[in-house]
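Sequences are here, hints too, so could you generate the full structure?
Chain by chain, the residues:
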Amino acid sequence: MGAVAQAVASGVVTGTIYALVALSLVILYKSTDVINFAGGDVVMAACYIAFITVVVAGAPYWLAAIVAVLGLFVIGAGFDRLVLARIARGKADNLMVAMVIATIGLSYVLKGAVRLLPHTEDVQTLPPAFTGPPIFLGNVILLRQDVGIVVITVAVMALLYLFYRYTRLGKGLRATAEDPRAAVLIGIPVQRMRMLIWAIACALGAIAGLLIAPKILMTPDMGDIVILAFAAAVIGGFTNIPGAIVGGLALGIIENLVGFFISTEAIAVAPFIVIMLVLAIRPQGLFGGAPVFKKL
Amino acid sequence: MFLRGIFAAILVMAGIGTAQAWPVGSPSGHYADPGITDTEITIGLFGPQSGPLRNFGFDAIGAAQMWYDMVNRSGGIWGRKIRLVIEDDKCDPTAANAVVRKLVTVDKVFLLNGGSCTAAIVATQEYITREKVPTMMLNAAGDNGVFPPTRYMFGAFGGTQLTVGGTIADFVARQLKAKKIAYLGSDDDFGAANLAAAKFMAHKHGAELVAVERVPRNIVDVTAPILRIRQANPDAVMITTYPQPATLAMQKISEFQMKMPIIAAVQAVPNPAALVKAVNNPAAFTNFYYGSPLNDLTDGPRQQWVLKMYKTAFPDRKPTAFMAYGLPSAQAITYALLLAGPTPTRESFVEAMSHLHFETGVMAGPIEFDEHKRDGHNASIFIKFDGTQSTRMPGVYVNEYRGNK
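Listed in order, the protein sequences are those of chains A and B.
Under our numbering, the first residue of the first sequence carries the number 1, and numbering increases by one thereafter.
Under our numbering, the first residue of the second sequence carries the number 1, and numbering increases by one thereafter.
Hints should not be assumed to be uniformly reliable.
Stated by the list, open to error - Beta-carbon label-pair distances, calculated as ranges: (1) A:Pro127 to B:Lys384: 23 to 31 Å; (2) A:Val151 to B:Leu307: 45 to 53 Å; (3) A:Ile35 to B:Lys108: 47 to 55 Å; (4) A:Met276 to B:His203: 35 to 43 Å; (5) A:His119 to B:Thr286: 24 to 32 Å; (6) B:Ala273 to A:Arg168: 37 to 45 Å; (7) B:Asp189 to A:Phe136: 39 to 47 Å.
To be verified - Derived lysine to aspartate or glutamate pairs resembling EDC-like cross-links, with alpha carbons at most 16 Å apart: (8) B:Lys277 to A:Asp122; (9) B:Lys373 to B:Glu351; (10) B:Lys81 to B:Glu40; (11) B:Lys277 to A:Glu121; (12) B:Lys81 to B:Glu131; (13) B:Lys259 to B:Asp386; (14) B:Lys108 to B:Asp189; (15) B:Lys277 to B:Glu351; (16) A:Lys215 to B:Glu255.
Said to hold, decoys possible - Far from chain A, some chain B residues (derived; all Cβ distances over 10 Å): (17) Thr39; (18) Arg54; (19) Ala196; (20) Lys199; (21) Asp221; (22) Phe256; (23) Pro270.
Don't read these hints as lab results, they were simulated from the structure.
Every residue, glycine too, gets a C-beta built ideally from N, C-alpha and C.
Here you go:
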């Protein structure tokens, strides 16, 4: 029983990370209809920015975290302004396809740029922000770092909720996501809102990266985690923010339980089996509303 | 003079030459194969010189290069100097295929010496076999390139994954006296190979694998496999994954306060110092060992001649952990050219390679080929690493499993 509880507890910690990355994908998709395939590499880039700031520049961890989050905020805004906005103004037959391809381009640019940095040939790690002896809950062992991950993730999600719900800017973003044309008519600068949502999504990815780097380790390929974030988003419903959170948590726990009770070789395929089941039974995801058909 | 002395000593060890200079032949002026003249023999040397996997091959190429340079300074082989054409395959199968075709058709090399990654070199095998170009892998494990054996491809100068798995089980059972062994490996061909050999060698010594956990290389949470290993209550845990899962496993094992010995494969610990930093818990290394195909610690007394040679050849560079891995294939090529006589053909060279048996002075065991054996090396040493100090454990460990391939 202790082992099962341990598997679930670790699954919750890993799941919150999936949830945070999934959240960065979902808020973007909700507001712009663009699926961000660079989401994982945003996480990775943030980790390396923080790592270089700490290890090479010798800065304290808190400063490195600020540099990484701000850095990705600027990269996100810049990507929208310099690439996506231009694509939107162009005459491409299918704007969405062009934009999605652009995110794949961003993914390669980030990965290539990081590989130019020193220290990328070995597995690296960021020092954990929370240290100290582990916490014992019966037979379950929890690292302080794991507790910190859950607490910070929940706090970030709560702040995001409050921002969207109660601030003027957040309401503007929601309006842009709901109906961009109507938003323009009531004077909301939709283009600027889209830039802001890219910046926020990338900053969220950066926070996720800072939290997971001490836990899952850093390599230039760590952005593969985006696949699991996609899985979390699909399970919860790609347009539903609470759904992404529940999807992430469910995925983390399912992976560990499948690995523990069935086989560790099944861990890799478990998320995709769950995706297929969800898509077959409830295509809009567990928390998505009724399917929406858009006129093209 | 120093290098000549070393070179002569190795020739004597190899039982191939005498402690004299390389023989000078009587060139015929007519050659059946490309890449050879009265004064020169051309070798295509390739591996990753750029890209994310550069570290696997960059220094190994340097080591091969310094060996060929030394042979040239000693007068060449049968009076011929070795000319190298060096190319970058980035460890990428597509690039490797392009590089090999270019070396064979444009540069018209006599033979190929290259490949630091299994997937890349195996991708060239069909072409190499069709064109009948002798190819000696540089430092790729190359399981699928040497099993089943084909005539023109020789490899595994550092050992295959059969060697990795078999030698760890040999060490764990014989040296650590473990009877119940837990295995954590990759869920790919590498894992399948080292697991099969580990099972065989454990069984041979009366031990058994009580937990077999195979994980993807990009796993982010190893809680489940480590819990299963903990439940099996093993005497020792062997880890043959890539570095990231190995590091996560080390973290988790120490988090769960498991005290049994941990023995990692060389691919799990490409850089011990980086592992210590990544694990971030010195207690994890109280009972930790890792394998190596070399005959000593990378800076140990038996590796000093290589380090000295490297320093002379590349005074501005610092050797990586993979440097010495590049020497044995170059040694094998020069010895086989010597054995093939003054007018070698590609076929006579392959015959010479097929009977090669020599000590490299750098690897844990001898390099041995025969008519039906194309994997050259099959031994490992083990190093106890406490997080700061490395100590070589006594003995050399071998794999006796040849597979069903």
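Checked hints:
The hinted range of 23 to 31 Å is satisfied by proline 127 of chain A and lysine 384 of chain B, whose Cβ atoms lie roughly 27 Å apart. The supplied range of 45 to 53 Å is met by valine 151 of chain A and leucine 307 of chain B, whose beta-carbon atoms lie about 50 Å from each other. The given range of 47 to 55 Å is respected by isoleucine 35 of chain A and lysine 108 of chain B, whose C-beta atoms sit roughly 49 Å from each other. At roughly 39 Å, the beta-carbon separation of methionine 276 of chain A and histidine 203 of chain B lies within the given 35 to 43 Å, and the hint holds.
One distance hint, 24 to 32 Å for the beta-carbon pair histidine 119 of chain A and threonine 286 of chain B, holds here, with the actual separation near 27 Å. Range check, alanine 273 of chain B to arginine 168 of chain A: about 52 Å between beta-carbon atoms, so the 37 to 45 Å window is missed. At roughly 40 Å, the beta carbons of aspartate 189 of chain B and phenylalanine 136 of chain A sit within the given window of 39 to 47 Å. The suggested pairing of lysine 277 of chain B with aspartate 122 of chain A holds, with an alpha-carbon distance near 11 Å, which does not exceed 16 Å.
Between lysine 373 of chain B and glutamate 351 of chain B the alpha-carbon distance is near 12 Å, which keeps this suggested pair within the 16 Å criterion. With a C-alpha separation of about 5 Å, the suggested pairing of lysine 81 of chain B with glutamate 40 of chain B holds against the 16 Å cut-off. At most 16 Å may separate the alpha-carbon atoms for a hinted pair to count; lysine 277 of chain B and glutamate 121 of chain A meet this at roughly 14 Å. Annotation: proposed proximity of lysine 81 of chain B to glutamate 131 of chain B is violated, straight-line Cα distance about 24 Å (limit 16 Å).
For a cut-off of 16 Å, the pair hint linking lysine 259 of chain B to aspartate 386 of chain B stands: about 14 Å separates their Cα positions. Restraint check for lysine 108 of chain B and aspartate 189 of chain B: not satisfied, since their Cα atoms lie roughly 34 Å apart, outside the 16 Å limit. This hinted pair does not check out: lysine 277 of chain B and glutamate 351 of chain B have alpha carbons roughly 48 Å apart, beyond 16 Å. Distance restraint check for lysine 215 of chain A and glutamate 255 of chain B: the Cα-Cα separation of roughly 12 Å lies within the 16 Å cut-off, and the hinted pair is therefore satisfied.
Annotated as non-interface, threonine 39 of chain B keeps its C-beta farther than 10 Å from every C-beta of chain A; the closest such distance is 40 Å. Distance to chain A contradicts arginine 54 of chain B as a non-interface residue, since its nearest Cβ pair spans about 7 Å, not more than 10 Å. No Cβ of chain A comes within 10 Å of the Cβ of alanine 196 of chain B; the nearest lies about 15 Å off, and the non-interface call holds. The claim that lysine 199 of chain B lies off the interface holds: its Cβ sits roughly 16 Å from the closest Cβ of chain A, which is beyond the 10 Å cut-off.
Chain A draws aspartate 221 of chain B into its interface by the beta-carbon criterion, the shortest separation being 4 Å against a cut-off of 10 Å. Its beta-carbon lying about 6 Å from the closest one in chain A, phenylalanine 256 of chain B breaks the requirement of being farther than 10 Å from that chain. Taking the minimum C-beta to C-beta distance to chain A, about 7 Å, the non-interface status of proline 270 of chain B is violated against the 10 Å cut.
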